[in-house]
Amino acid sequence: MTRLSSAFSKPHPALVCFLTAGDGDTAANLDALVAGGADVIELGMPFTDPMADGPAIQAANLRSLGAGTTTADVLGIATAFRQRHPDVPLVLMGYANPMVRRGAEWFAAAAKDAGVDGVICVDIPPEEDDALGPALRDAGIAPIRLATPTTDDKRLPAVVEGSQGFLYYVAVAGITGMQQAAIESIEANVSRIKRATDIPVAVGFGVRTPEQAAEIAQVADGVVVGSALVELVAEHGADAPAKLRELTAALATAIRAAR
Amino acid sequence: MNSPNSFRTMPDERGHFGDYGGRFVAETLMPLILDLEKEYRAAQADPAFKAQFDDLLEHYVGRPSPLYFAERLTEALGGAQVWFKRDELNHTGAHKINNCIGQILLAMRMGKTRIIAETGAGQHGVATATVCARFGLPCVIYMGATDVARQAPNVFRMKLLGAEVVPVTSGAATLKDAMNEGLRDWVANVHDTFYIIGTAAGPHPYPELVRDFQSVIGKEARAQMLSRTGRLPDLLVAAIGGGSNALGLFHPFLDDPDVAMLGVEAAGYGLDGDQHAASLLGGFPGVLHGNKTYLLQDEDGQITEGHSISAGLDYPGIGPEHAWLKDMGRVEYTAVTDDEALDAFQLLCRTEGIIPALEPSHAIAAVAKRAKEMRDDQIILANLCGRGDKDIFTVAEKLGVEM
Ligand SMILES: Cc1ncc(COP(=O)(O)O)c(C=O)c1O
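Quick mapping for you: the protein sequence lines, in order, are chains A and X. With my numbering, letter number 110 in the first sequence gets 110, and the count goes up by one each step, no holes. With my numbering, letter number 333 in the second sequence gets 333, and the count goes up by one each step, no holes.
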């Protein structure tokens with residue numbers, strides 16, 4: 001069993017927590033997520049042009065880059081996390097250009113060395129899989145694809161094909177940090193996706209509160225929370241770990257009670 | 001690299017120009033991009049679409065634009081004959097409108113009811129606002145806050161035309177950030193919104209369709225040149241921001257082996273520093289805004305901010321077809337500094353009585369260098385893709401003149 005498949009085989013849906021690497025004391029912040037009960041960590045690779053992100057995560061990207069974060073730093077954060085937490089799955093999320101800059105093979109090997117389990121690349125759809133997918137799969141890293149409300153039944157097989165680890169269902173047609181979609185629409189789409197694949201389906205975009213997380217946990221295999229955590233880092237700086245742990249614990253409790 | 005039989009068959013069915021191009025977009029946009037491609041293929045096969053496009057270009061835009069022999073400039077330079085394709089005489093003052101007409105017709109075919117666009121200098125924003133007014137569609141223009149400040153007349157023009165202009169403050173607040181914001185709007189409004197991209201870049205099929213709509217420039221110029229001189233030009237020259245006016249001129253000539261082509265990037269303060277906007281000459285291949293192409297970026301793939309005196313050339317990427325044409329060696333690329341462009345701007349004003357935009361002033365500067373190295377029986381054809389009314393404030397400031 002891989003770290004990712006173990007995380008999705010627990011008796012409760014997985015809580016997937018996102019933070020931008022290099023924004024604040026990332027090691028301390030990630031430890032707080034784990035202590036609070038995060039089942040999967042998504043580590044954002046900062047990029048100058050985060051086209052799919054709303055204001056909160058855009059600002060986190062700029063803070064991180066403004067602090068001088070490099071690709072080597074992001075990989076260093078991952079390596080250190082893996083040493084501290086041998087069993088917690090770690091996924092890198094970001095945009096194509098920083099991932100392919102030195103070549104897809106270079107990136108896949110470096111991510112593997114850093115103990116990374118999966119990669120989510122926002123702007124590489126199945127049509128452009130060649131740019132990164134084969135290198136990741138060869139290195140034993142799960143390429144995690146995104147499905148969205150606009151992914152119709154005709155496209156779904158292409159999205160699912162070659163996807164590993166879990167499928168990330170983006171609940172709203174839009175950017176991160178927007179309002180949550182109606183639970184009916186989420187439920188219908190998740191069951192549609194689950195008819196097309198056996199891999200777990202996690203739902204994200206717009207999930208901020210334990211109540212929302214609990215609702216989604218009833219219909220999905222995982223719940224992704226990003227902007228709400230990133231905002232705590234922005235707001236509390238050095239005091240963020242305690243706040244992150246508190247919100248993560250509340251989300252984890254709600255998810256565990258949901259089913 | 002083997003030379004293909006034709007340079008005019010790109011992109012392939014996946015939207016790739018060799019290694020470049022493609023569809024690097026978020027999944028939310030993929031179905032829409034596939035739809036757009038389907039609709040574009042249908043429009044290409046529909047004589048009514050072409051008839052409406054041609055009719056609007058003739059009676060609304062004012063095409064064909066003249067082909068003009070610049071006699072006094074030729075004399076002043078002493079060398080090859082210099083001819084201009086006068087796309088600055090189009091309605092709204094630049095080539096941008098050719099593309100906007102084509103795209104708004106596509107938008108309406110697709111039943112879209114809201115238009116968005118990005119703009120740098122404001123020329124594409126004005127052209128988009130113009131066609132939206134003409135067809136009665138609401139229009140939102142994203143423009144970097146820095147550009148809003150330095151292109152005030154165009155901002156007011158867009159507002160007069162009924163567009164909502166949204167200043168973008170994220171990033172460096174210039175053209176690339178405006179494009180990011182356009183893409184963010186689009187993913188949130190895919191059901192009713194059409195994104196009119198202003199240059200031959202972005203995800204497939206944009207580079208192809210923008211090139212096709214702009215190719216009216218080269219098709220006209222080729223026929224005009226043949227009928228006026230009985231021959232083809234020896235050298236084509238055009239300025240490059242994202243590359244749409246250059247491709248519009250070059251593409252119909254790509255399979256004429258005796259016609260050389262020169263694309264002119266903005267060297268800003270010079271190519272040796274990082275204050276330039278020359279993606280091909282000073283950048284590396286990467287992925288941004290939906291396509292793989294040459295980009296200004298650092299060793300980690302972070303996009304760097306270029307600089308040019310011309311807001312329309314100040315973009316860290318370039319259309320993917322140019323990236324391919326460069327690697328194939330079919331088109332030569334060079335760069336011209338702010339100061340050289342400013343000199344060329346004044347030269348054209350005084351020798352020909354034409355105030356050019358700062359973008360084609362870069363092309364004119366390159367023409368000035370090349371003409372002197374060529375014989376007087378040779379012909380250079382340059383694209384005069386925009387007029388300079390929008391730039392007089394920038395130029396006055398540079399020349400130290402109070403207005
Ligand atoms: C007059 C003019 N020329 C050229 C450009 C650059 O664009 P492109 O390279 O797509 O022609 C612009 C862009 O705003 C422009 O306004």
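Take the hints with a grain of salt, since some may be wrong.
[Claimed, not checked] Quick list of in silico lysine-lysine cross-link-like pairs, DSSO-like style, CA-CA up to 27 angstroms: (1) X:K112 to A:K154; (2) X:K112 to X:K38; (3) A:K154 to A:K112; (4) X:K398 to X:K369; (5) A:K154 to X:K38; (6) X:K50 to X:K159.
The set of hints was computed from the structure by calculation and includes no laboratory data.
Outcome of the hint check:
For the hint pairing K112 of chain X with K154 of chain A, the CA-to-CA distance comes to about 22 angstroms; that is within 27 angstroms, so the pair holds. About 15 angstroms separates the Cα atoms of K112 of chain X and K38 of chain X, which keeps this hinted pair within 27 angstroms; it holds. Taking the CA atoms of K154 of chain A and K112 of chain A, the gap is near 33 angstroms; set against the 27 angstroms cutoff, the hint is violated. For the hint linking K398 of chain X to K369 of chain X, the alpha-carbon distance of about 22 angstroms falls within 27 angstroms, and the restraint holds.
With a CA separation close to 15 angstroms, the supplied pair K154 of chain A and K38 of chain X stays within the 27 angstroms bound. Under the criterion of a C-alpha separation no larger than 27 angstroms, the hint pairing K50 of chain X with K159 of chain X is inconsistent with the structure, at around 30 angstroms.
Checked against the numbered hints listed earlier, the structure breaks hints 3, 6; every other hint is satisfied.
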